[in-house]
Amino acid sequence: MSATQAEREAQLSRYRHFLTFDPDNLQLLGDVADLSLSLGQFALAEQTLDHGLTLQATHPRLRNLRALLAFQQQDWILATDLLSSLLAEQDDPALRYNLAFAYYQQADYARVKRLLNEVPIDWLALPQAAHLYILTLHQLGELEAAIALAEQLMPDRQGDADLAGMLALLLLDHDKPVASQHWAAQALQWQADQPYALLTAGTLSIGQGEPGQAILQFERILARQPNNGRAWSGLGVAHLAQHDLVQGRASLEEAVRHMSDHIGTWHALAWAQLLQGDLAAADQSFQCAYDLDPNFGESHGGLGLMAWLRGDLATAETWLTKARRLAPGSMAVRYVELLKAQQRGESETAQAILQRALADLPTLGTGTLEEVLRNQPGRKSKS
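Here this note's numbering is used: the first residue of the sequence shown is 931, the next is one more, and so on.
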């Protein structure tokens, strides 16, 4: 039976008392540091470990504990340095997992995959390693491999809400909404606040025309994970679906703060800014998306749209020509074409057309923009 917090605190007090008589006892120093970590007393743990490593810099247990403390401090570089040296001395599955986790936090997904592939790992005996490997495959865009592994493990992992939630999100990103919804529901049955499952359920709720439900689901994630960029992004789109441009834009701005490399979120933010008439901000957001991937057609379309709204028609046509080639169905390209059709040579400004055309836009990213615009023709200007 594991010791209670009170028992561990009493034990820590005894060990610290023993250290007053034997301050250089490495075993005692390790015990004090270990208990301090488990109790969240990180300053004491750091002080104890620094002293111990001064006495013996190569001590394996103290180095491992210092790496675990680095995890708490989110000092991933120190953690990888310590764990790499330990793994070179002794290959241990837990060490290998911890090192891979530290690299994952640094977005070095290729190295994570290599580490977890170098030696056979019993995924069932070390489920957190399986979770990390699946997440890594997801980050690398290897959705089919990630789904295959999750589905392979699932029969032996009944009750594993994290695995079921990951599988739900993978299936969602692989355009399999029915299977995705099944596993999201299963994960939430096992754990009511499983974040991957809530993220999946929230995204599906938007597509099913239930943005209010989606907002509740994304907010449940953010209550526990305030830095979850994808949850912020989903929340922003859900607010836009409710015509709440202020909250929608604010949430999307928060999303790109935590997830600055997600092109789709930059596009959603750009459209939200455009809806508010903030053309300069929208232009900047489309530019950020373009800088992430100059070959992404929708970004060309967005920049072409912004140039067109500024009246720079030559630049607009250059961007739009590229967009038509890279993304024939570009929303921005279709939108410019609709605006041109609405103008019909009238003097009314493109921005005024924009506001009327998008007044009832129900959502972003669900393929409804063209339909909305077609049903919201711009008024002719009065001569």
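These are calculated hints, taken from the structure and not from any lab test. As the structure is a computational prediction, the values presented were derived from the model and not from experiment. Be aware that one or more of the hints could be misleading.
Here are the in silico distance ranges between beta carbons for each label pair [what the hints assert, rightly or not]:
1. Glu1081 with Ala1024: 46 to 54 Å
2. Ala1075 with Leu1222: 20 to 28 Å
3. Pro1224 with Pro1023: 37 to 45 Å
The calculated lysine to aspartate or glutamate pairs, modelled on EDC-like cross-linking and capped at a C-alpha distance of 16 Å, are [said to hold, decoys possible]:
4. Lys1106 with Asp1123
5. Lys1106 with Asp1086
6. Lys1270 with Asp1242
7. Lys1106 with Glu1074
8. Lys1106 with Asp1090
9. Lys1252 with Asp1208
Even for Gly, the Cβ is constructed at its ideal location relative to N, Cα and C.
- Task: Identify every previously stated hint that the structure contradicts and give their numbers, smallest first.
- Result: 1, 4, 5, 8, 9
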